[in-house]
Amino acid sequence: MEGAPLKLHGMWASFYVHRVQLVLHLKGVEYEYVEEDLSNKSRALLLQNPVHKKVPVLLHGDRPIAESTIIIEYIDEFWREKPILPTDPYERAVVRFWCHFVDDTLRPSFGAILRSSAEGQGAAVDNFRQNLEFLEAELRDGFCKGRKFFGGERIGLLDIVMGCGLYWNSASEDVLGLKIIDQESFPFFTSWFESFNEAKEVKEVIPPTEKLVEYVKGLLQKMFN
Amino acid sequence: MAEAEVKLLGTWSSPFVLRIKWALKLKGVEYDFIEEDLQNKSPLLLKYNPVHKKVPVLVHDGKSIAESYVILEYIDETWKENPILPEDPYQRAMARFWSKFGDEKFLPSMWKFFISQGEKREEALVSASENLKILEGELKGKKFFNGETLGFADISLGWIVDTVSLLEEIMELKMIDEQRYPSLSAWMKNFSDFPGIKDSFPPQERMLTKYRTLREAYFATTRGTN
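Listed in order, the protein sequences are those of chains A and B. Counted from 1, the first sequence has number 179 at position 179 by UniProt numbering; the numbering is strictly sequential. Counted from 1, the second sequence has number 110 at position 110 by UniProt numbering; the numbering is strictly sequential.
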């Protein structure tokens, strides 16, 4: 597999794809990017990811890998320099736990805000904020206390999983006309997010926030009409 | 040096807890099992899993780990005998992929089938069967999802072995028959015969009662609604 070409099927505004792009960039691994039209999926994508038919899909030589966190762990295990995950098993467990939390609990509770009725919105926002408080607490006085990033001095898996996609929050705040993640309630999270956005690799890889926010606002407006 | 202490907080019936028992057994790790009453959660559970307040939770040297996949990976990285995940990064990715498929696609489709009635039941059965076909396709020619020996994906999918037979009995239909699913049928037998797995499933009668009650309770709460 050494030297086998890498191809990433993606969509420019998908944060799941951004995660993988960021990891490849952080590791200095070359790859070819293939933009997919999700309303007209390429035959290649359907062949490589027949089970889910989604992006991202990473093709390493002739081997397809799907699901963003699985792709990232693959990349981290194949190219061992500049690790994305810590080496200690317990620390790895903590990182993985929070990554699952972001994808299985935090993000769905954010989605619930978007789908809530006018009456239910308050409760949905409260629920999301309660979930976010767990991460705030980790940064404030938990496992990640005193760290610039969740991963320490360098961006790690949790930073990537949490950081990619937060433009959904900005877009939603604009469209809904309410502040969901405010600095007063989440000072550590806000500060962490600033560090994430300022990181060189994030700026190099992730499309400009304004462009992503506009795209998401377009989706949301369609959703609400 | 103090002796390493391993505790597993769980319930007798949870398939997610059972995965962890299998992994610990395969690796020869001694542990204390603490049965939790999920209707009356203990201070210990609330202390060790404050975020989700669920089982399983593994406690090792006072450090707690929650979420069954996270625990499985931790166990494999901490106790190196009888590896659950293969060495090769691609095989590892495949193992994780199929575990995720089992929990995020197949399990919900089975649950949906279990709680459906009438027309919806037929649709749900079709959906669950499509997932079964996918698993059958992945298994083809292999003794286990991991190859010649049992591994991560097998442990993650092992709940199929007893849960599907339970559902078949309650729903009165054969889901995994040898004709349509020869590889899966063989896998179910290979899996349950494997040393460490054999005789580890929760008592069938008790599970039948539990699942029947669950189903009835679900129908009772949705009666009168669409």
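Misleading hints may appear alongside valid ones.
[Claimed, not checked] Here are a few chain B residues that sit away from chain A, every Cβ distance over 10 Å (derived from the structure):
| id | residue |
| --- | --- |
| 1 | V51 |
| 2 | A93 |
| 3 | F219 |
[Claimed, not checked] Stretch by stretch, here's where chain B covers chain A in the computed footprint (C-beta under 8 Å, at least three residues):
| id | region |
| --- | --- |
| 4 | 56-66 |
| 5 | 78-91 |
| 6 | 175-181 |
[To be verified] Ranges of calculated distance between the beta carbons of each label pair, as one might list FRET restraints:
| id | chain 1 | residue 1 | chain 2 | residue 2 | range |
| --- | --- | --- | --- | --- | --- |
| 7 | A | Q121 | B | D199 | 29 to 37 Å |
| 8 | B | K41 | A | R140 | 19 to 27 Å |
| 9 | B | P83 | A | R63 | 17 to 25 Å |
| 10 | B | E87 | A | G177 | 49 to 57 Å |
| 11 | A | E214 | B | F33 | 29 to 37 Å |
| 12 | B | W12 | A | F134 | 24 to 32 Å |
| 13 | B | G62 | A | L219 | 20 to 28 Å |
| 14 | A | L176 | B | D199 | 50 to 58 Å |
| 15 | A | E204 | B | D199 | 25 to 33 Å |
| 16 | A | T209 | B | R206 | 50 to 58 Å |
| 17 | A | R63 | B | L214 | 39 to 47 Å |
| 18 | A | L176 | B | K53 | 49 to 57 Å |
| 19 | A | E210 | B | P195 | 54 to 62 Å |
| 20 | A | P108 | B | P83 | 26 to 34 Å |
Hints are computed from structural coordinates only; laboratory data are not their basis. Glycine is no exception: its CB is placed at the ideal position from the N, C-alpha and C atoms.
Now for the hints, and whether the structure bears them out:
In this structure V51 (chain B) is not separated from chain A by more than 10 Å, as the shortest Cβ-Cβ distance comes to only about 6 Å. Non-interface status of A93 (chain B) relative to chain A is broken: a Cβ of that chain comes within 10 Å, the nearest being about 4 Å off. Here F219 (chain B) stays apart from chain A, with its beta-carbon at least about 26 Å from theirs, past the 10 Å limit. With 4 residues bearing a CB less than 8 Å from a CB of chain B, the region 56-66 of chain A meets the requirement of three and the coverage assertion stands.
Coverage of the region 78-91 of chain A by chain B holds in this model, with 3 residues showing a Cβ closer than 8 Å to a Cβ of that chain against a need of three. Beta-carbon proximity to chain B at under 8 Å applies to 0 residues in the region 175-181 of chain A; the threshold of 3 is not reached and the given coverage is violated. At roughly 51 Å, the beta carbons of Q121 (chain A) and D199 (chain B) sit outside the given window of 29 to 37 Å. A hinted range of 19 to 27 Å for the beta carbons of K41 (chain B) and R140 (chain A) is consistent with their spacing of about 26 Å.
Here the CB-CB span from P83 (chain B) to R63 (chain A) is close to 21 Å, well matched to the stated 17 to 25 Å. The hint said 49 to 57 Å for the Cβ distance between E87 (chain B) and G177 (chain A), and at roughly 53 Å that hint holds. Judged by the Cβ atoms, the range 29 to 37 Å given for E214 (chain A) and F33 (chain B) is violated: they are separated by roughly 54 Å. As the Cβ distance of W12 (chain B) to F134 (chain A) is approximately 29 Å, the hint placing it in 24 to 32 Å holds.
In this structure, G62 (chain B) and L219 (chain A) break the distance hint of 20 to 28 Å, their C-beta atoms being roughly 46 Å apart. Take L176 (chain A) and D199 (chain B): their Cβ atoms lie about 55 Å apart, and the range 50 to 58 Å holds. A hinted range of 25 to 33 Å for the beta carbons of E204 (chain A) and D199 (chain B) is inconsistent with their spacing of about 56 Å. At roughly 54 Å, the beta-carbon separation of T209 (chain A) and R206 (chain B) lies within the given 50 to 58 Å, and the hint holds.
In this structure the supplied range 39 to 47 Å holds for R63 (chain A) paired with L214 (chain B), their Cβ-Cβ distance being about 41 Å. The hint said 49 to 57 Å for the Cβ distance between L176 (chain A) and K53 (chain B), and at roughly 30 Å that hint is violated. The beta-carbon spacing between E210 (chain A) and P195 (chain B), approximately 59 Å, falls within the hinted interval of 54 to 62 Å. About 33 Å separates the C-beta atoms of P108 (chain A) and P83 (chain B), a value consistent with the hinted range of 26 to 34 Å.
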